[in-house]
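In terms of the UniProt record's numbering, the sequence shown opens at residue 1 and continues consecutively.
Heads up, some of the hints might be wrong.
Unchecked claim - Ranges of calculated distance between the beta carbons of each label pair, as one might list FRET restraints: (1) Ala-322 x Arg-251: 43 to 53 Å; (2) Gly-167 x Glu-64: 16 to 26 Å; (3) Glu-160 x Glu-397: 23 to 33 Å; (4) Trp-316 x Tyr-116: 43 to 53 Å.
FYI, nobody ran anything at the bench for these hints, they're computed from the structure. No residue lacks a Cβ here, since even glycine has one placed at the ideal position from N, Cα and C.
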Amino acid sequence: MALFVSRKSPTASAAGEAAAATLPWVRWISLGAMIGAGTGSVLAAASSGLASYFARQLLTPVREHEQNLEIYAVVGSGEDQEIILPAALDTTSPGIYSIYFDGGRGHARIGGITSYSPKDGTVQRRVERVYSGELGSARRGWWGGAVYPDPAAAGLANEEVRIDVDGGYAPAWLIRGDAASRTWAIMVHGRGATRHEGIRAVRTAKDLGMTSLLISYRNDGEAPAAPDGRYGLGLTEWLDVEAAIGFALDRGAHNVVLFGWSMGGAICLQAADQSIHRNRIRALVLDAPVINWIDVLAYQARLNRIPAAIGRFTQWLISNKAGRLLTGLASPLDLRKMNWVDRADQLSVPTLILHSQDDDFVPYGPSAELAEQNPRLVTFERFSGAGHTREWNVDPERWESTVAEWLAEVLGPAQSGRTTAGGHAGTDGTAGEQLADT
Numbered sequence: 001m002a003l004f005v006s007r008k009s010p011t012a013s014a015a016g017e018a019a020a021a022t023l024p025w026v027r028w029i030s031l032g033a034m035i036g037a038g039t040g041s042v043l044a045a046a047s048s049g050l051a052s053y054f055a056r057q058l059l060t061p062v063r064e065h066e067q068n069l070e071i072y073a074v075v076g077s078g079e080d081q082e083i084i085l086p087a088a089l090d091t092t093s094p095g096i097y098s099i100y101f102d103g104g105r106g107h108a109r110i111g112g113i114t115s116y117s118p119k120d121g122t123v124q125r126r127v128e129r130v131y132s133g134e135l136g137s138a139r140r141g142w143w144g145g146a147v148y149p150d151p152a153a154a155g156l157a158n159e160e161v162r163i164d165v166d167g168g169y170a171p172a173w174l175i176r177g178d179a180a181s182r183t184w185a186i187m188v189h190g191r192g193a194t195r196h197e198g199i200r201a202v203r204t205a206k207d208l209g210m211t212s213l214l215i216s217y218r219n220d221g222e223a224p225a226a227p228d229g230r231y232g233l234g235l236t237e238w239l240d241v242e243a244a245i246g247f248a249l250d251r252g253a254h255n256v257v258l259f260g261w262s263m264g265g266a267i268c269l270q271a272a273d274q275s276i277h278r279n280r281i282r283a284l285v286l287d288a289p290v291i292n293w294i295d296v297l298a299y300q301a302r303l304n305r306i307p308a309a310i311g312r313f314t315q316w317l318i319s320n321k322a323g324r325l326l327t328g329l330a331s332p333l334d335l336r337k338m339n340w341v342d343r344a345d346q347l348s349v350p351t352l353i354l355h356s357q358d359d360d361f362v363p364y365g366p367s368a369e370l371a372e373q374n375p376r377l378v379t380f381e382r383f384s385g386a387g388h389t390r391e392w393n394v395d396p397e398r399w400e401s402t403v404a405e406w407l408a409e410v411l412g413p414a415q416s417g418r419t420t421a422g423g424h425a426g427t428d429g430t431a432g433e434q435l436a437d438t
C-alpha cells in the first residue's frame, strides 16, 4: 500500500499497489487558499491545502501505476534471460517478484539475484517467466509482489464467480478445496492492489482442505465503485467482505478464515467486528496489516517531511464533516474505530499477524503492540528484510509453514480439513508450477 513515494526506495512497495499520485500540490493549496481567505489567514490556507492534498493521496483510488523503475537491460534469450535493474531496497531483496511494464500490459516473474554491484548501483536477476509483453524492449516498469497473473498460472483450477454487492456484482475467483471441509478462506487484497495478491496464499489454504474465494471490493477497479469514489480505509469495504461471507455460507461453508494484506487487514478487522456473520469468522491471517491508521498517517507525514501539525490536521479532515469538501468523502471516517491497539481487548477472533520490521510504508510497531496487548488471541510473526506485504516473497517456505501450523492448531483437524501430503498440488490433481527460489 504505497501511499507516497518512499524515501528508502524508488520502486513501488507492493504488487499491484500504486506508487505516489502525481496531482500538483498547487491545486490543493489553491483550493485551501480559497477556503482560508475568508478567515484572512494565509497560513491556514496553505495548511488546509497541504492537508487536503495529503488526505486525497490516501483516499483516492489510483487507476494508473507510475512506471518508476528503470529497466537497464535484458540479457540472454529463451529460458536463460536475466534483467539488469537499479539496485534499491526492493530490487536487492531475496525472493521472487513481478515486474510490470508497457503500462501493465506486460508482466514477468523475476527470480533470484545473479549479480549485484553496489559500486555501479546495479543488480542482475533471473527472469523466470514472461507471462505477457516483450520484456526485451521494455525501458520502464514497476516492481510488484503478486507473482502470478491468475490462479491458473500457479497450477490452480479456478472458477470465475460474481458476488452480489452494493451497486452490482463483484468478480471473484473460486478455488475449490476438500469437499469434506466446511471452512472457506476469503482473501482480501490491499489498497491499490487486486485479487491477484491473494493467489500466493491459496496453496496453504488448500493444503488445509479449505476452498478459497479471492474477492474484489469497491473502488479496486473490478468491483462497483463507491458513490463518492473514495476509499473508506476499511470502514466501508468490510460490507463487501460480509457479502463474500454470505456467498460462502450459501454454498455450504460453515465457517470462514479471513486473509488480509495491508488495508485488507484493516478491512478484515472491521468485518470481524461489525459483520452479521462475525460469529462464523474462525480466524484472521493478516499480512502487514494496518492496525492503526493514525499511526500510519503520522509515519507517512514524517517520511514525506510534512509538519506534524499538518499531519494531525489531515486526520481531522478525514474524521470530521467539515472536511468533506476537501477530502471528497461522503461521510467522515472514524479513525479511532480503526485503532486496534487501543481496542485490543475488543478483538475476539484468533489472529495471526505476519509483518516485516523493515516495512517502510506500514510500520510493524502497532502489529507487535496489538499482540502484546492481547496475547491470548493474537500471534505475531516478525519478518525481516521484506518490504511492504513482501513477507511471502522473501521467505515463502516460512510464511506458508507458519500460517499452516497456526491455522491447524486454531481450527483443529475436523474444521481445517485434511492436509495434502507430499507437497503442493493443483486443484486438478496436477503438480503446481514450481518456483526456483522455493
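> CB of Trp-316 to CB of Tyr-116, is that within 43 to 53 Å?
Replying inline: holds, 45 Å
>> If I claimed the Cβ atoms of Glu-160 and Glu-397 lie 23 to 33 Å apart, would that claim hold in this structure?
In response: holds, 30 Å
>> Given a hint of 43 to 53 Å, does the C-beta separation of Ala-322 and Arg-251 actually sit inside it?
In response: Check passed, 45 Å falls within 43 to 53 Å.
> Lying within 16 to 26 Å: is that true of the beta-carbon distance Gly-167 to Glu-64?
Replying inline: holds, 23 Å
Checked against the numbered hints listed earlier, the structure breaks none of them; every hint is satisfied.
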